[in-house]
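Novice: What follows is the residue order along each chain.
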Amino acid sequence: MSTLTRRTFLRRAGLGALALPLLQLPRGARADSSGPFPKRLLVLFQPNGTKKELWGPQPGDPERGWQLGPILEPLTPFKDRLVLFNGVDNLAALEGPGGPHQRGMAALLTGRVIGEGDFVGGDGRRAGWGNGISIDQHIAQRLAAGTPLTSLELGVRVQESVPRGRMIYRGPEQPVPPENDPVVAYQRIFGQQGGDPTAMRRQLAERRSVLDQVFQDFQALERRVSAADREKLQQHAASLRDLEGRLGAMVDPPAQCAPGVSPPSRDPMSEAEYGALVTAQIDLMVTALACDVTRVASLQFSTAVNALRFTFMGLNDQQGHSLSHAGDSNAILQGQWEAMLTWYSRQVAYLLERLAAVPEGDGTLLDNTLIVWTNELSRGNTHSLRDLPFVLAGGAGGALRGGRHLSYDGLPHNDLLVSLTHLMGVPEPSFGDAAFCNGPLPGLL
Amino acid sequence: MSLAHHLRTLGVALSVAPALGGLMGCEEGPPPANMAPAPPVVGGTTAPPPDVTEPPEVVTPPPPPPECPADAPLDPGPTLVRRLNRTEYDHTVRDLLGEDLGLALGAFTPEEEMLGFDNNARALQVTPVHAEQFMTGAEAVAGHVAADFAAFLPCDPAEIGEDACAAAFIHTFGRRAWRRPLTAAEQARLMALYAEGEALEGPAFETGLSLVVQALLQSPHFLYRVEVGTPVEGDATLRALTADELASRLSYLLWASMPDAALFDAADRGELSTPEGIAAQSARLLADPRARDGLWRFFVQWLAIEDVPSLVRDARYYPDVTPEQLAALVGETRAFVEFVVFEARDMRALFDAPYSFRNAALASLYGEDVGAGLGDALVKVPVDPQVRRGVLTHGSILAATAKPNMTSPVHRGKFIREHIFCETLPPPPAGVPIVAPDPDPALTTRERWAIHSSEPSCRGCHQLIDPPGFLFEGYDAVGKARSVENGHPIDATGRLIGTGELDGDYADGVALARALATSETAHRCLTTQFFRYAFGRGETSVDACTLDDLYTGYAEAGAYDFNALVGALTAHPAFRHRRAQGFEEVAP
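Residue numbers (the working numbering), protein chains in the order written: chain A, 1281 to 1725; chain B, 12 to 599.
It should be emphasised that the hints constitute simulated quantities derived from the structure, not laboratory data. For glycine and all other residues, C-beta sits at the position ideal for the given N, C-alpha and C. The reader is advised that the hints may include incorrect statements.
Some chain A residues judged to face chain B by a derived CB distance under 7 Å, without partners named [as the list claims (entries may be wrong)]: (1) S1441; (2) G1451; (3) P1452; (4) P1455; (5) V1494; (6) D1497; (7) L1501; (8) A1507; (9) D1509; (10) L1513; (11) L1520; (12) R1681; (13) R1684; (14) D1689; (15) L1691.
Derived DEER-like restraints, expressed as beta-carbon distance ranges [claimed, not checked]: (16) T333/B - Q1467/A: 56 to 62 Å; (17) D1476/A - G384/B: 28 to 34 Å; (18) D514/B - A1507/A: 23 to 29 Å; (19) E458/B - Q1467/A: 49 to 55 Å.
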C-alpha cells in the first residue's frame, strides 16, 4: 500500500461508485480487482456479561462441529467466519481497586490492572483509569497507515465519562471518549464537504502556520513546568502532532468515496432510538473502513453498568444492568435478558453483512477485517471476570481461520490481545502487563 | 478488630465506585437463601474470615491529625496543571470577547469526570479529537474578532501603521488571552506569525492578526491555567504563585472564567501578595453576578442533579411528568442554593430550611396547594416543615436518586453516605453471586429491600446504605410527598450506623435534615467537596490540616457562611503555593 496514494487505492477498490445512501454499497462494481487491500481492525463492546451456557460451544467441545447457542443464533450465516473461545480469563481485572465492572473495563483492552485514582484518602484506594495503551491504539500506531484518521472511536449511548464507560486508551490514564452522535461522527469521518477548494487550501496553510507557533509554545513551556505538568502537556502535544499529520486529509476528503448525506439528527441519549443509533453508527463505521478513512475502529454499545431499557422492544421495566443481575431461576427476567443479548447478536450479524457487501478484489471488506467482539464480564449476576465471551470474526486478510472453537483451561486474555498483533501483521511477543501474558493463544494463529 | 482495620493493616484498601455496580444488583431483593457465605475479602493472610454481617467500614476523608500546629510546614499537595473545561472555555471566550459564542458546551467532547466533578485536572486530557475542537474553536474566535477588528484594536493602523498597531494588539489582547503579560520573546514570535499573513492572499494585516488570534487560543497558555510560580526564599519545597496565576485561581474558582480588568489591575498593583488583598478581591468576585453561575457549577455537581432535566420517568407510573417540570426541579434547587449562599448566608439552612422555591410547574408536580398567582417565575415560599426541610427533600435530588418507575432507597442511601458524609463505600465481597428475586407487587419498596437486607451476605453493606435511603421513602421518584405505596402505609423510619455522631434512629428525612444542619460530619464533608472542586483534585492525607483549617474558618469562625468558606480557602497558604517538587529539572 505504501506506494499507492489513497486516492488511487480508492479508485482501484472500486469505491468511486460508492453512492448514496450509505447502505447502497455497490455489488460487483469493481473497476479494478487487483489488490492488495489493507487489513482493518474493528473492536465491538457489549456490556454486563452474557450467558455462556446459551451462547455457543461449551468448554471441552471440539474445535469444529459445534453448534451456536440461541444467543448467537443470528450469526448462523457467518458461522464459518467466527472463532469462539472458552476459558479465556480477564486475569488483570482480578486485581486492583474498584469493582468488577470498572476493573473489567480498564483491563479489557489494555491487559493491565486498573490504576488508582488520584484520590488517596486516608487508608482508602479509589479506582482510577486504565493503566496503559489499549490494543487497538497500539495496533493503529504500529500500522502507521497514514489514513485521514489514525483510528475512529464510536459509541452508542455511552453516557458517563467514568472508568466503567471507557475501554480505549492512548496511554495510562488517557481514556479516549467515543463519539455518540452519528451526525458528528459523519463530520469526523468525511471532514468538510463541498467547500471552495481555494478557500480550503488557504485554510490549510493558515492551520499549518498556526500549529507551528503553538508547538513552539509547548516546547518553551515544557522546560519551565513541573515534571507532572510536563507529562500532561506532552500528551497534548502528541495529539496536536496527530492533528497536524491529517490536516491535509481534512481539506481533501475522500471525494471518490462519496459520503452522501449526513445521518438524520437523533438524540444520542434516546432509549427509544437506541436501535436506530446502533444501525447508523454501524453504517458509518463500515463506510469509514470501506473508504479507508481509517484502519482501526471501535464501536462501544453503551457502558458497563448501563441505565438503558430496550423500550423499542417493549422491555420497559428493567434497565440492562439490572436484567443482567436477574436471578437464574427468574424465568421472566432471564427471558428478557436473553432477548437483549440476542438482539446484540443481530446487530453484529448486520455489521458482518455490511462488511461482506463491500467488494474488495476477489473478496470483500469482511475478508480483510478482523472483528473483535468482547464484554467486560462473563456473567452479570456473578460479576465473573473469567471465561469472557470473546468472539473473533472476519478474515484479517486471510490470517484468521474461521469456523472454529478454542477451549482453554484458563489462559489470560492478554494472550488473545497479543494474538491480535499477529493476526494484523504486526506481531509482538507480549502485550499489556507481561505478568499476564504468555504469548499468542495456542492454536489460534 | 474490624474488617476495615484488617484491610488497613494489610495495606488493602476499599474503593468507591464499585459499590454502585454491586449494590445495584443486590438492590432488587435478597439472594437465594442457600447462598454460600462470603469468602474472605483478603486471601493468603492470617486474617480471620471477616463476619460479613458486621458493618463493613467505610473510608472517610483523612481526619484532622491530633494537632495541626500553626508552625507546621505547609504542603499544598500534588497540584497538576489544569485545562479549561467546556464551561470555563465558554465563559473565558465570553469575557475575552464580550460576547458569548457558546463554542464548547454542546460541541466539544464532554469532560471525563472524577469524584463527580468535571474540572479534575487529572481527568482533563487532550485526545486528537479535542485538539481538533480547540483548533476549530480558535478559528471561530478569530473569525469573530476579524468581523469587527476595530472593536478589538487598541489603535488605528492608518494612524500609527499596521505593524505598530499589530504589535499593540498582540500586547493587549495577548495579555488578556493568556491572563499574563507576554514575554518579549513571545511577543516577537507572534509578530513573526503576524508577518506570515503577507504570504497569504487577502489583506495582510487582518490575515496576520487572525493567525495570531488562532495561535493565542490554541496555546497552552490559553487552554491551561499554567502555574510556574517563583521560588520561595527559605523554603525549597514550595513555589509561590505569581500575582497573575493567583488572579486566575480566584476567577476560575468563583466565576469559572478569566479575571476581569479590575482583578488584573489588582494583580499588577501587587495587591494579591497579601491575604487581605486576596480577601478583598475574593469578596468582590463573590458579589458579582458571575459568581452565581460559577459557584453553581460546584453545587450542581456536588448534588449530582445536572442530568435531572433529561431523566426518563416511566409514563405508566408518572404519566403527567413533563421535561419542563424536571427542569423546574433543578431551577428550584438553584434558586434555593443561591438564596442560602448569598442571602441567608448560613449553610445550616441548606439542610433544614423550612422554605423553598415554587413556580406553577413545581406546585403541579409536587401536588401542592400553594395558592394562586404562581407563574413561571420561582417564588420563595414556606414549606410544611413536617413534610420537607432543606435540599435533601428537593425533588431534584429525590428524582436523580430514583429509578424510572420507583424509588431507590439504595441510590438515595448511597448518595447520602458518599455525597453528604463523604464516605467511600466498599465494593461487594468478591465471588458472591448478586442476584435478584421476583419482585412482589404486594409489598412496598421498603419491604422488598428489608427482606434483602436480612441476608447476611448483603446485610453488611446494606445496613449502612439502605436506612438513610428509607428515610426518604415518603417521597416518590419525582419527589412528590406520599404516605402510602401499593396501598400500604409508608414507613420512613431508619437507624443510621457507622457514621459516628449521626448514629441513631430517625423518624424520616426531615428528622435527618434537622440533624445534618449542625452536623460536623456534614459540614466537614461540604468543606471537602468544595476543596475537590476548588483544587481540581481529590484530597490526600497531606491535605488534612488544610481541610481542618477550612472547616474551622467556615463553620466555627464563619458561622456556616459559605462566603467564609470561600474566604478561608482563598486566604489559605495552600491556595497560594505549589509544591516545588518536579521543578528541579528546569533548564536554566
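Novice: Determine for every hint whether it applies to the structure shown.
Specialist: Hints, one by one, checked against the model:
The beta carbon of S1441/A comes within 4 Å of a beta carbon in chain B, closer than 7 Å, and the hint placing it at the interface holds. For the restraint placing G1451/A at the interface with chain B, the shortest Cβ-Cβ distance is roughly 10 Å, beyond the 7 Å limit, so the hint is violated. This hint is violated: P1452/A has a C-beta 11 Å from the nearest C-beta of chain B, more than the 7 Å allowed. Hint status for P1455/A: holds, given a least beta-carbon distance of 6 Å to chain B, under 7 Å.
The restraint placing V1494/A at the interface with chain B holds, with a minimum CB-CB distance near 5 Å, inside the 7 Å limit. The criterion of a C-beta within 7 Å of any C-beta in chain B is met by D1497/A, whose closest approach is roughly 4 Å, and the hint holds. Look at L1501/A: its Cβ gets to within about 5 Å of chain B, closer than 7 Å, so that hint holds up. Look at A1507/A: its Cβ gets to within about 4 Å of chain B, closer than 7 Å, so that hint holds up.
With a least beta-carbon distance of about 4 Å to chain B, the hint placing D1509/A at the interface is held under the 7 Å criterion. Taking 7 Å as the C-beta cut-off, the interface hint given for L1513/A holds, the closest approach to chain B being about 6 Å. Using the Cβ-Cβ criterion of 7 Å, the hint placing L1520/A at the interface with chain B is satisfied: the shortest such distance is roughly 5 Å. A hinted interface residue such as R1681/A counts as satisfied when its beta carbon comes closer than 7 Å to some beta carbon of chain B; here the least separation is about 35 Å, so the hint is violated.
Evaluation of the R1684/A hint against chain B yields a violated restraint, the C-beta minimum of about 32 Å exceeding 7 Å. Hint on D1689/A is violated. Least Cβ distance to chain B is approximately 19 Å, over the 7 Å limit. With a least beta-carbon distance of about 21 Å to chain B, the hint placing L1691/A at the interface is violated under the 7 Å criterion. The supplied range of 56 to 62 Å is broken by T333/B and Q1467/A, whose beta-carbon atoms lie about 32 Å from each other.
For D1476/A paired with G384/B, a C-beta distance near 58 Å fails the hint of 28 to 34 Å. One distance hint, 23 to 29 Å for the beta-carbon pair D514/B and A1507/A, is violated here, with the actual separation near 45 Å. A hinted range of 49 to 55 Å holds for the C-beta pair E458/B and Q1467/A, which are about 52 Å apart.
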